[in-house]
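S.K.: In order, the protein sequences belong to chains A and B. If you count the first sequence from 1, position 85 lands on 85 in this note's numbering, and the numbers rise without skipping. If you count the second sequence from 1, position 8 lands on 8 in this note's numbering, and the numbers rise without skipping.
Just so you know, these hints were derived from the structure itself, not from any lab. Being a predicted model, the structure only gives us computed values, none of them experimental. The beta-carbon is built from N, C-alpha and C at its ideal position, and this holds for glycine as well. Mixed in with the good hints, there may be bad ones.
[Unchecked claim] Which chain B residues face chain A? A few, computed with CB under 10 Å, are given here:
1. A41
2. E42
3. P79
Residue strings, one per chain:
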Amino acid sequence: DAGVIQSPRHEVTEMGQEVTLRCKPISGHDYLFWYRQTMMRGLELLIYFNNNVPIDDSGMPEDRFSAKMPNASFSTLKIQPSEPRDSAVYFCASSLEGTGTNTQYFGPGTRLTVL
Amino acid sequence: DQQVKQNSPSLSVQEGRISILNCDYTNSMFDYFLWYKKYPAEGPTFLISISSIKDKNEDGRFTVFLNKSAKHLSLHIVPSQPGDSAVYFCAASGDSNYQLIWGAGTKLIIKP
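Chain B on its own, in the form it takes in the complex (with noise of 0.2 Å):
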C-alpha cells in the first residue's frame, strides 16, 4: 500500500506562472515531509521541509503548505522558470523513524 502519493505523473506550467505539485499521505503519524528535485542523470536534491506543526514553509520561490486534516500537502512554485523542469519527488517521515517514504514522483514541464 502506498503511503505516499503523488497522483499526477506529470505536470506542464508556462514559465512564470506558478506550478502547483501536489501529495497526499495516509498515515497520520508522520512528521516531516520535504521535497526533492531530480534531474536526469542526477541524484535527488533535497529542496524544502515542513513539519507537522507547522501549515505552511517558505524559501524563496518555493512554498510547502501543509493540511494535516486532509493528509494533503503542496508545493507551489512562483514564478515558474525553465530550470525548474524536472521530476518533484514528495517524502515523509516519522520523528523516531530515519527513512523516508517516497511518492512516485511527478515530472513538471516548464513551457517557454
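Extracted from the complex, chain A is given alone in its bound form (with noise of 0.2 Å):
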C-alpha cells in the first residue's frame, strides 16, 4: 500500500518565481494536512483540509500560499511570489476518521530552496 506521495522532492527557485508542491495522500484518508519545518520554528501546521473543504488555514504565514484539494486524491501548496524566508522542508500528511488516535501519516517532504 503506497504512502503519502509528495513532489518534487527538491526544488531549488530564484525569489520571485511560483512554487508549487504536490500531495497524493493515502487512499481512503479523509483528511489532509500540509506542514512546513524550519529549523527555527520546527513543524507548522500551515493548513488542513477535510473531505477536500478547508478547514483550517490560520496556519498559512501570508497570502501569498494558498492550498487546494480539488479531489480526495490530490492537493497542491502553491507560493507565490516564492522569498527566500520560504526556504524549508514541506510535509503532506493524512489521516482517517475514526481511528480513535488521530495519527497522521507523512511524506517523505519537499525541500524548498529559494535563491
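The two chains are supplied separately, each in an independent frame; assemble them into the complex guided by the hints.
M.R.: This is the structure:
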C-alpha cells in the first residue's frame, strides 16, 4: 500500500518565482495536512482539509501561500511569489477519521530552497 | 504559548541502555498523545500512541507512560539500538479536533 506521495522531493527556485508543491494522500484518508519545518520554528501546521474542504488555514503565513484540494487524491500548496524566507521542508500528511488516535501519516517532504 | 513541550533538545545514550524521552503538556483537554520518529530527509513516522484513559502502552521495545496529574508523558526505549538515533516528536490532540499539537522534538543519539 503506497504511503503519502509528495513531489518534487527537492525544489530550487529564484526569489519571485511561483512554486507548486504536490501531494497524494493515502487512499481512503479523509484528512489532509500541510506542514512546514524550519530550524527556527520546528513543525508548523499551515492548513488542513477534511473531505477536500479547507477547515483551518490560520497557519498559512501570508497571502502568498495558497492550498487547494480539487479531489480526494490530490492537493497542492502554492507559493507566489516565493521569497528566501520560504526555504524549508514542506510535509504533507493524511489521516482517517474514526481510528481513535488521530494518527497522521507523513510523506517524505519537499525541500524548498529559494535563492 | 507552547501547549506541548519537549525540554531536552538532545539526548545521548549508550547502546543497550534505556532511553527516556520526556514531554510535558498544558492542555488538560488533550485525549490522545503520540510519538513520532524522524530520520533526516524523511517524513516523521508514527511510533506509538496512548489514550488519556490509560497510563501505559507498550509495543516491543517502546513504552509510553502517561501521568495525567503531572501533565507529563515519557517514551522509554529498551534496549536502545543504533537505529534508534533520530529526532523524536511528541504530539497531542483533543478527541474532537483532528489537529496534532507538536513538541519541538528531541534528538536521540545512540552511542556504540
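S.K.: Under the constraints set out in the numbered hints, which ones does this structure not fulfil?
M.R.: The structure conflicts with hint 3 only, although it agrees with all the remaining ones.
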